[in-house]
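Let the sequences and hints guide you as you build the complete structure.
Per this note's numbering, residue 36 is the first one in the sequence shown, and the count goes up by one each step.
Calculated directly from the structure, the hints in this document are not laboratory data.
Please note that a few of the clues may not be correct.
[Unchecked claim] Distance windows between CB atoms, simulated: (1) A242 - F164: 44 to 52 Å; (2) L167 - P82: 16 to 24 Å; (3) S224 - S246: 17 to 25 Å; (4) D184 - P75: 40 to 48 Å; (5) F164 - P82: 44 to 52 Å.
All values reported here derive from a predicted model rather than from experimental measurement.
C-beta atoms are modelled at their ideal positions from N, C-alpha and C, and glycine is treated no differently.
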Amino acid sequence: MANETIKVDLDLSAIKEIQSLGGDTLKKCYQCATCSTVCPLSPDEAPFPRKQMILAQWGFKDRLLNDPAIWLCHQCGDCSKYCPREANPGEVMAALRLSVIKESTPFKFLHTFYNNAWGFPILILIALFFILIATIATFGGVPNFFDADSFPYGGPSYEIWFLHLPARVLMIDVIFLPLAAFVVIILFSAISRMWNAYLETYKIPQAYRYSMWTILKTYLISAIGEILNHARFEKCEANKWRALPHKVLLWAFILLALTTAIVFIMADILGFHTPWNPLLHPVKWLGNIGGLMLLYGVISIILGRSQAEREKSVRTGYPDSFLVYLILLVGLTGFGIEIFRNIPAIRSLTSLIYIAHLVFVFILFLGVAYSKFAHLAFRTTAVVFDLYFKDINQKMS
Numbered sequence: 036m037a038n039e040t041i042k043v044d045l046d047l048s049a050i051k052e053i054q055s056l057g058g059d060t061l062k063k064c065y066q067c068a069t070c071s072t073v074c075p076l077s078p079d080e081a082p083f084p085r086k087q088m089i090l091a092q093w094g095f096k097d098r099l100l101n102d103p104a105i106w107l108c109h110q111c112g113d114c115s116k117y118c119p120r121e122a123n124p125g126e127v128m129a130a131l132r133l134s135v136i137k138e139s140t141p142f143k144f145l146h147t148f149y150n151n152a153w154g155f156p157i158l159i160l161i162a163l164f165f166i167l168i169a170t171i172a173t174f175g176g177v178p179n180f181f182d183a184d185s186f187p188y189g190g191p192s193y194e195i196w197f198l199h200l201p202a203r204v205l206m207i208d209v210i211f212l213p214l215a216a217f218v219v220i221i222l223f224s225a226i227s228r229m230w231n232a233y234l235e236t237y238k239i240p241q242a243y244r245y246s247m248w249t250i251l252k253t254y255l256i257s258a259i260g261e262i263l264n265h266a267r268f269e270k271c272e273a274n275k276w277r278a279l280p281h282k283v284l285l286w287a288f289i290l291l292a293l294t295t296a297i298v299f300i301m302a303d304i305l306g307f308h309t310p311w312n313p314l315l316h317p318v319k320w321l322g323n324i325g326g327l328m329l330l331y332g333v334i335s336i337i338l339g340r341s342q343a344e345r346e347k348s349v350r351t352g353y354p355d356s357f358l359v360y361l362i363l364l365v366g367l368t369g370f371g372i373e374i375f376r377n378i379p380a381i382r383s384l385t386s387l388i389y390i391a392h393l394v395f396v397f398i399l400f401l402g403v404a405y406s407k408f409a410h411l412a413f414r415t416t417a418v419v420f421d422l423y424f425k426d427i428n429q430k431m432s
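Okay, here's the thing in structure tokens:
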């Protein structure tokens, strides 16, 4: 039988995009398979990241975008630490994840702002625009930003149906409820496309294409349990330190989300609006515990990454730095509001700290769809699919 020649055309634009997102060492890889051998998370039946490295070298963008394995990598650094060519497979996998986020969401210019240093000032201006518009609309004009009793703890009150809403509360609702709806719609659309692409790529028979409710009921709880416990993270060796601070940070966000939900019910629905004493109010205790956990987690990550970089087991790209320092700013300004508000000598600066906090929270919230923070939704989806695929494979065999 004559040898058949197969022509493969490199997609140079896809290769350049991966390199620009942090996978600049991609071409150093010569397929020795050390990365897949040393990776404690790489399954025997479908080891990564060797396969993903060669697909990326050839620019097979579509196959990479539809590959859940890139999300099962936790960038623990074992592969990069032991790579004989310093090809940094972990960073290439991180670049592939950023590429998936970019391709899965509309308004791609926002992704560009989040993943380039020059985009941060633009994000601040975008956040300030919406915050100041909402402030002017709810406070009936421009308040005095050097008087905390004018802003945020002053202004008119509004009667909307059965709700009694001070300007501060209505302002926050006007800013963040539409933003939350926007992010949820973007993520729901992206995850739906991602899931359908996985089904087609893995040629799942119609008989095993369960309804969304069945998928959530059967596999989501297991996936969430695994994520909350950081079971995969704790298998990493080169950067074992990452498991604890990441787990603490995740639980901090859960506590802060719970606090926000309670405050929304108490302030917006039940009408308890007076600024609560952080030493006496249980909701403030919950929020402050979450805030302290957030600061511990993110500062530990910053210090750990610095040490890991010196050991060449991880590289910190701009998307990583952006997210951790943004979270740090959210935490510091959050506590700053409490501190400045309760010290008479600096109380006049409370309004500015409050605005800064809203800006950073706005950017972080929007980043759930466009920054590395989107891992929260995309990785969860991939873990759910991994559990689902293994289950139906057993049923079909």
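Consistency of the hints with the structure:
{"no.": "1", "hint": "A242 - F164: 44 to 52 Å", "result": "51 Å, holds"}
{"no.": "2", "hint": "L167 - P82: 16 to 24 Å", "result": "52 Å, violated"}
{"no.": "3", "hint": "S224 - S246: 17 to 25 Å", "result": "18 Å, holds"}
{"no.": "4", "hint": "D184 - P75: 40 to 48 Å", "result": "56 Å, violated"}
{"no.": "5", "hint": "F164 - P82: 44 to 52 Å", "result": "47 Å, holds"}
Hints 2 and 4 from the list above are not met by this structure, while the remaining hints are.
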